[in-house]
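Trainee: Sequence:
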Amino acid sequence: MESDVQAFLDEYAPRVQMIAWEVRSLVLDVAPDALEQIDIPAKLLAYGYRQTYKDTICVIMPLKAAVNLGFPRGVELPDPTGLLTGTGKKARHVRLNTVEDTQAPGLRALLEAAVARLRSPNL
Numbered sequence: 035m036e037s038d039v040q041a042f043l044d045e046y047a048p049r050v051q052m053i054a055w056e057v058r059s060l061v062l063d064v065a066p067d068a069l070e071q072i073d074i075p076a077k078l079l080a081y082g083y084r085q086t087y088k089d090t091i092c093v094i095m096p097l098k099a100a101v102n103l104g105f106p107r108g109v110e111l112p113d114p115t116g117l118l119t120g121t122g123k124k125a126r127h128v129r130l131n132t133v134e135d136t137q138a139p140g141l142r143a144l145l146e147a148a149v150a151r152l153r154s155p156n157l
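When you line the sequence shown up against the numbering used here, it's residues 35 to 157, in that order.
Note that these hints are calculated values from the structure, not bench results.
One should not assume that every hint holds.
[Claimed, not checked] In the DSSO-like style, the derived pairs of lysine-lysine whose C-alpha atoms are separated by at most 30 Å in a straight line are:
1) 88 - 123
2) 77 - 123
3) 98 - 77
4) 88 - 124
5) 88 - 77
6) 124 - 77
7) 88 - 98
8) 98 - 124
9) 123 - 98
Fair warning: this is a prediction, and the values are worked out from it, not measured in the lab.
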C-alpha cells in the first residue's frame, strides 16, 4: 500500500509529502487495524474500519502548502486544546502546516477519541 500512497502523494510538494507521511504514521500508530483507502477524485487518504463514510476515523487531505487531517464527525470529539477548525455541520479538521504540527499536544488524543467513538457499541 505504501507505493500506492507514494504515487498518490507524488503530485504534491516535498514538504507536503513529508507532513502527510508523518500524520499517516500517527494515524496508523493509533489505529493499526484501520483500512487505508485512497480516494483520488476527492484527493484524500481515508482511514476507517469499513469502506463507508460512517465508519471513517479520519482523512488526510494534502493541499498545496499544508495537509488537513479531517474528522467526519469532529463536532463530537473532545478538543480541549482547540485544534479543530471548520464550519461544517459535523466535520472538522486540523490544519498541519509543518511536520512539527503532527506532534501538537492533543492531536493523538483526537485520533484516539475518533477511534473510541467508532468502537462504541452505542453507535
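Trainee: Does residue 124 lie within 30 Å of residue 88 when you go C-alpha to C-alpha?
Mentor: Given pair residue 88, residue 124 holds - Cα atoms ~12 Å apart, limit 30 Å.
Trainee: Given the hint that residue 123 pairs with residue 98, test it: the Cα-Cα distance must not exceed 30 Å.
Mentor: Holds. Residue 123 to residue 98 sits at ~25 Å (cutoff 30 Å).
Trainee: Hinted pair, alpha-carbon criterion (30 Å max): residue 124, residue 77. Please report holds or violated.
Mentor: holds (20 Å)
Trainee: For the pair we were handed, residue 98 and residue 77, check the Cα-Cα distance against 30 Å.
Mentor: holds (12 Å)
Trainee: Quick one, are residue 88 and residue 98 close enough, alpha carbons at most 30 Å?
Mentor: holds (27 Å)
Trainee: Straight-line Cα separation of residue 77 and residue 123 no greater than 30 Å?
Mentor: Within the cut-off at roughly 21 Å; holds.
Trainee: Does residue 88 pair with residue 123 here, judged by a C-alpha cut-off of 30 Å?
Mentor: Cα-Cα ~14 Å, so holds.
Trainee: Between residue 98 and residue 124, does the CA-CA distance stay at or below 30 Å?
Mentor: holds (24 Å)
Trainee: What's the verdict on residue 88 and residue 77, does the C-alpha distance respect the 30 Å limit or exceed it?
Mentor: Between residue 88 and residue 77 the Cα gap is close to 18 Å, so the pair holds against 30 Å.
Hint violations for this structure: none, all hints satisfied.
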